[in-house]
Structures are given as C-alpha cells and as structure tokens.
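Next come the chains, spelled out residue by residue.
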Amino acid sequence: MKLLPILAATALTTTPAFAEETRQLDAHEHGVGQLDIAFAGQKIAMSLRAPGADIVGFEYAATRAEDRAAVDAAVAALAGPLDLFMVPDAAGCSVVQASAELESEDDHDDQDHDEHAHDDHAEEAHEDHDEHAHDEHADKASHTEFHAEYVLTCADPSAVTELTFAYFDRFPNAQEVEVQLISDTGATAFEVERDAPTLDLRGMF
Amino acid sequence: MILRLAFGSLIARSLTVCMTILAIALSVALFLGVEKVRTGAKASFADTISGTDLIVGARSGSVQLLLYSVFRIGNATNNMTWESYQDIADRPEVDWIVPISLGDSHRQFRVMGTTQAFFERYKYRSGQSLALRDGALMDDLFDTVIGADVAATLGYDIEDPIVVAHGLASFTEHEDQPFQVSGILEKTGTPVDRTVIVSLEAIEAIHVDWQSGAQIPGQSTPADVLRQMELQPQAITAALVGVKGRLQVFGLQRSINEYPQEPLLAILPGVALQELWQIVGIAETALIGVSAMVIITALIGMMATIFSSLNERRREMAIFRAMGARPRVILGLLVLEAVIMAALGAVLGLGLLYVGLFIGQPLIDSAFGLWLPIEPPSLRELWVLLGVVAAGAIVSMIPALRAYRMSLADGMMVRI
Numbered sequence: 004m005k006l007l008p009i010l011a012a013t014a015l016t017t018t019p020a021f022a023e024e025t026r027q028l029d030a031h032e033h034g035v036g037q038l039d040i041a042f043a044g045q046k047i048a049m050s051l052r053a054p055g056a057d058i059v060g061f062e063y064a065a066t067r068a069e070d071r072a073a074v075d076a077a078v079a080a081l082a083g084p085l086d087l088f089m090v091p092d093a094a095g096c097s098v099v100q101a102s103a104e105l106e107s108e109d110d111h112d113d114q115d116h117d118e119h120a121h122d123d124h125a126e127e128a129h130e131d132h133d134e135h136a137h138d139e140h141a142d143k144a145s146h147t148e149f150h151a152e153y154v155l156t157c158a159d160p161s162a163v164t165e166l167t168f169a170y171f172d173r174f175p176n177a178q179e180v181e182v183q184l185i186s187d188t189g190a191t192a193f194e195v196e197r198d199a200p201t202l203d204l205r206g207m208f
Numbered sequence: 060m061i062l063r064l065a066f067g068s069l070i071a072r073s074l075t076v077c078m079t080i081l082a083i084a085l086s087v088a089l090f091l092g093v094e095k096v097r098t099g100a101k102a103s104f105a106d107t108i109s110g111t112d113l114i115v116g117a118r119s120g121s122v123q124l125l126l127y128s129v130f131r132i133g134n135a136t137n138n139m140t141w142e143s144y145q146d147i148a149d150r151p152e153v154d155w156i157v158p159i160s161l162g163d164s165h166r167q168f169r170v171m172g173t174t175q176a177f178f179e180r181y182k183y184r185s186g187q188s189l190a191l192r193d194g195a196l197m198d199d200l201f202d203t204v205i206g207a208d209v210a211a212t213l214g215y216d217i218e219d220p221i222v223v224a225h226g227l228a229s230f231t232e233h234e235d236q237p238f239q240v241s242g243i244l245e246k247t248g249t250p251v252d253r254t255v256i257v258s259l260e261a262i263e264a265i266h267v268d269w270q271s272g273a274q275i276p277g278q279s280t281p282a283d284v285l286r287q288m289e290l291q292p293q294a295i296t297a298a299l300v301g302v303k304g305r306l307q308v309f310g311l312q313r314s315i316n317e318y319p320q321e322p323l324l325a326i327l328p329g330v331a332l333q334e335l336w337q338i339v340g341i342a343e344t345a346l347i348g349v350s351a352m353v354i355i356t357a358l359i360g361m362m363a364t365i366f367s368s369l370n371e372r373r374r375e376m377a378i379f380r381a382m383g384a385r386p387r388v389i390l391g392l393l394v395l396e397a398v399i400m401a402a403l404g405a406v407l408g409l410g411l412l413y414v415g416l417f418i419g420q421p422l423i424d425s426a427f428g429l430w431l432p433i434e435p436p437s438l439r440e441l442w443v444l445l446g447v448v449a450a451g452a453i454v455s456m457i458p459a460l461r462a463y464r465m466s467l468a469d470g471m472m473v474r475i
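Same order as they appear, the protein sequences are chains A and B. Just remember that our numbering sits 3 ahead of the position in the first sequence, which is counted from 1. Just remember that our numbering sits 59 ahead of the position in the second sequence, which is counted from 1.
Be careful, since some hints might not be right.
[To be verified] Cβ pair distances, simulated, as ranges: (1) Ser437/B to Ala79/A: 24 to 32 Å; (2) Arg313/B to Ala93/A: 25 to 33 Å; (3) Leu85/A to Pro432/B: 53 to 61 Å; (4) Thr212/B to Ala93/A: 52 to 60 Å; (5) Asp172/A to Leu441/B: 39 to 47 Å.
Source of the hints: derived by calculation from the structure; they are not laboratory data. Positions of the beta carbon are idealized from the N, C-alpha and C atoms, including for glycine.
Work out the full structure: start from the sequences and follow the hints.
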C-alpha cells in the first residue's frame, strides 16, 4: 500500500498479522544468546535461547535440503547440553530432560515480539507494509530463534565450580552468551564471551 | 642499633618527616575510603532486597525498575494495570505477590501503598524480616506504618496525625484525609526507613475526590463513607513476586515479559543489580585509579624529601663510613627510615579512615541512605597497607643507592 519510511528508519521489523491488537517484538541480537541457569537441590535447569544466525548462520525458512540438514544437525547438537556446557566430571551430572527446537517469530503468537537490536533487515522488511502482502514475505523478514530446555541432575552440584562453553566451538557464529543464574546465594548475571568461554561458579553455593 | 639510628634521625628531622607521613596517611585513607564506599554501597544495595524472586512493573529498563521500585531512586516507571497484576497473581507458579504503589509523599519522605503481606514478605540483609519497634500494623484505612528515619526526623510517635501530599510537590495536600501513625518500624538500613507505608486502599481513598491531579473544589468525602467504599486500585507501580520453586523463576519471568495484553517487565533483583554494577564499573575503576595515583604521588614526595635530606646528611653519612659502617649499612639505614615513614603513614591512614567513618557514617546514612559498616580491616585492606610499605621501600632504594655509592667520597670532599 505505501512505504513507511519512518518505521524503516527506526529499524523495526515485521508487523504482526493482527496489527490492530498489540505490537511487540522480542529482543534479537545476532551473536548473542541467552542462557538461564537455576540451581535447586540436585537439579540444574537451563534454558537457552539463541538467534538462528548464531546457530546455523541463517534465519530464513530452511527450504533447501542442505539448510534443513543444518537445522536438524543444530537441533540434535542442542539436545546434548553436556557437550555444549561442560560441567566438571566430579559433579557427576546427567541429563534428565533435554529438548531443542527452532522457533520462528511467525510460529508463536503474533504479539510476542520485543524491541529489535538489529539493523540490516530494516529495508527488506519494509518494502511493503500492506497486510495482504504480509503473509507472502513473512518468512523473508522474520527472525528465528533456537530454544532449548535442559534439566540436569548432579550427584554433587557443589562440584559444578565452572561451566565450559564448548558451545562456542560448536557454533562459530555465536559470540556471547548472557547468563542469568539463580542459586542458594541469590540471582546474578554474567556475560560469557568467545574469548573467555568459561563461567566461574565458585561462590554460588 | 641501626633501628635506633633510623628513629633518631627521623626524630631529628621531625617536621619534614611528619609532613611526609601525613601525606602518605591521607593518601592511604583516601584509597581505603574509596574502597569502603564502593564495597559498602554494593553491600548496602545487595542487602536491601532479598527473598524476592522477581520484581514486576511496566516495561522500562531493568535497572530503572529496580531503582525506582525498591530504592525510590531515579525516574518513575509507568504504572501497570490492576488486571495484569491479578493475572500474574493467579498464575500457578506464584507463591506470593505484593503490590507497591508509589507517587505521593509526606514531607521529604515517600508514601508507599501496599498490602499487609509486604511486612511478611519483604526481606532484607539475607532474609531478615521487618519488625515493629512500636505500635501495630495498619488496621484502619487511615493507619500508616512509618520507617525509623521518618519517625526520628519528624519526631513522630504513635497516633500522631500525618497529612499526605499529592505527588512530590508539597503544595497540594490531601488535607481532608489525615492519616494516623499506627506503627513505627525498626531501623533496617534500607529505603524502608525513609518510607511512609499505607494500605493500597488508602492510596485510592485519598484520591477519590481528585481528578486529573487536582482536588475537585468543594468535594470532600467523609472518612467514614470512604471506609465503606469499595476501593479497588486501578493501577500499581510494581509488584514483588515470590515463586514456588526456583526452577520456575525463569519460566515465569519469560511469560511475564511476553505477556500479550500489556508490556510488562519482570526482573531478577540480583541480575538487575549486576547490570547496575556493570554500568558504574567504569567510574569505580577511575576512582580507584585516581586514589592509587594519590598514594604514588605521596610516595614520590617521600622520595623527594629523602633526596633533599641526603644533601644535609653528607657529613653524617661520611662519618658513619669513616667509623667503619659499610655502604650496605648506609643503604639499609635510608631504606629503613623510608619503611618506618611509610608504615607510620599507612597505620595513621587507617586510623584516619576509622575516624572519618565514625564521623561520616551517620551523615552518609541520612544523606544517601548508605550504611557503611565499621569493621576491622579486611585482609584486602591489610594487603594494601603492606603494599604501601613495600612500595615505600622500593621508592627509597633510588636515593639510598645514590647514598650507597657517594657516601664516602661526597662527605669527605670540602665544598665551597
């Protein structure tokens, strides 16, 4: 219908299909994943969210065979938490539950989006803001995120003095993981970067 | 023997030596003081809220929400609707939830509307609960519980009346609905000390006759009528949430952050504080750097005085050497003198710090709400002191080596 140059300039992407309702976008920064870790008794719950660009290097819908293979391989890799976030052997941890999936922004409720720290899609996303055209270019403009949920159980959780992020070796596009952590001593946050891929957890117990 | 010589020589030059020691002492006190304020501020912030898993408010920044809702610092966040609050309260993961409503004030103190559950659930300093020093919790609509600082500063006692001002500007007051002090809390060292706590319904009640921020002229609903009214708040500022299991905290946080009907934000207090420390970290480093430079400056000043004293002491050194003292002894004597000065400076600096803390503690507490504990020096501080002494010894090596080389020839030569 018409161009929306102002919106394009502010780098907002994808209008939800039901634009009359609420419009919210998720935070999405390529290179940065989020990992939430909760320690409770012998259980450790982790939840990872990482942009598709970090994990497979693209965020369009995988239609070609090789793209689909890449997504499948990534989901399989993400389902093995102890190979990505290595805990010391002394802790005796094992995986109770692990699931990973690829979620595109169009999959979930259209309201679920947050602000966007991401510029380069602005133009292509705003070629056309017509609601009729929306469905056709939805996959082109959307961002995808990999979500993974893990529950570990450890014989001696206090031996988890550090986490080694082999995650960065497995996924070369990932640069940083923002970690939120809760344990008996309260909640805190860390940033783990590719250059220093270990998280020191001494003092968390 | 050499120690006695060193002391003797320091006493002989007592004025310059005292000045040097004072300079070192002040620099050490400054350095330790910066450390104290830094760690004290962190501890005081971290101690203010404990036991709360999530703070929920309108979407803003996590630091802003934390500072405003807990510390009453910074810009006000938007309000969140009562419907959203109830939606969250009804979620199965939620163990308890306490609403907070800010916005009005009494003299220089904030008025906070909340429920009785606040007194049960709000915890500070690793799990300590609020305790009443006097009186009882709010019972009537117009009862208030006040913090220790409010009572002390304004001289309030149980059953004193309080008139709440609208907003932070004291020129519009809710004069028609005076409150009564029903309880006074124990001192906590947290912003609660400087808060007037009323019930959430009371916040609504005093605004019944108000519209668009001003009182409707001539309209004043009597207190008894207000007591009968259904006072359902429309909006609150934030809510403190306790989650049933720690494993559910992140799930609840995410679903609140993605709550479709209203842009909300749920934060973990510890994580938000961590973010705050990251922001102020640069300033902290700068402060520590500057105060370390001050110590270095003082030590260089000491080196300069030793250098200039060498000139006066040419004869003295020559006589020591002529009497059979080895050059090593001259070196040792000068280094020892420097070490004594640095050590006295360090100890005096520590003393100055404690005097300063003793005087400054109540002032800082009332001005910034920051309680700096007076504790014996930490291991880290002792290392700093030791470092100063060691640095003093190293710095004095330069003039001492000069004296070592020159002592005999220099002192024996006749200078005209």
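Each hint, compared with the structure:
As the Cβ distance of Ser437/B to Ala79/A is approximately 50 Å, the hint placing it in 24 to 32 Å is violated. For Arg313/B and Ala93/A, the hinted distance range of 25 to 33 Å is satisfied, since their beta carbons lie about 32 Å from each other. A hinted range of 53 to 61 Å is violated for the C-beta pair Leu85/A and Pro432/B, which are about 42 Å apart. Hint check: Thr212/B to Ala93/A, Cβ distance near 55 Å, so the stated range 52 to 60 Å holds.
About 42 Å separates the C-beta atoms of Asp172/A and Leu441/B, a value consistent with the hinted range of 39 to 47 Å.
Comparing the model with each earlier hint shows violations of hints 1, 3; every other hint is respected.
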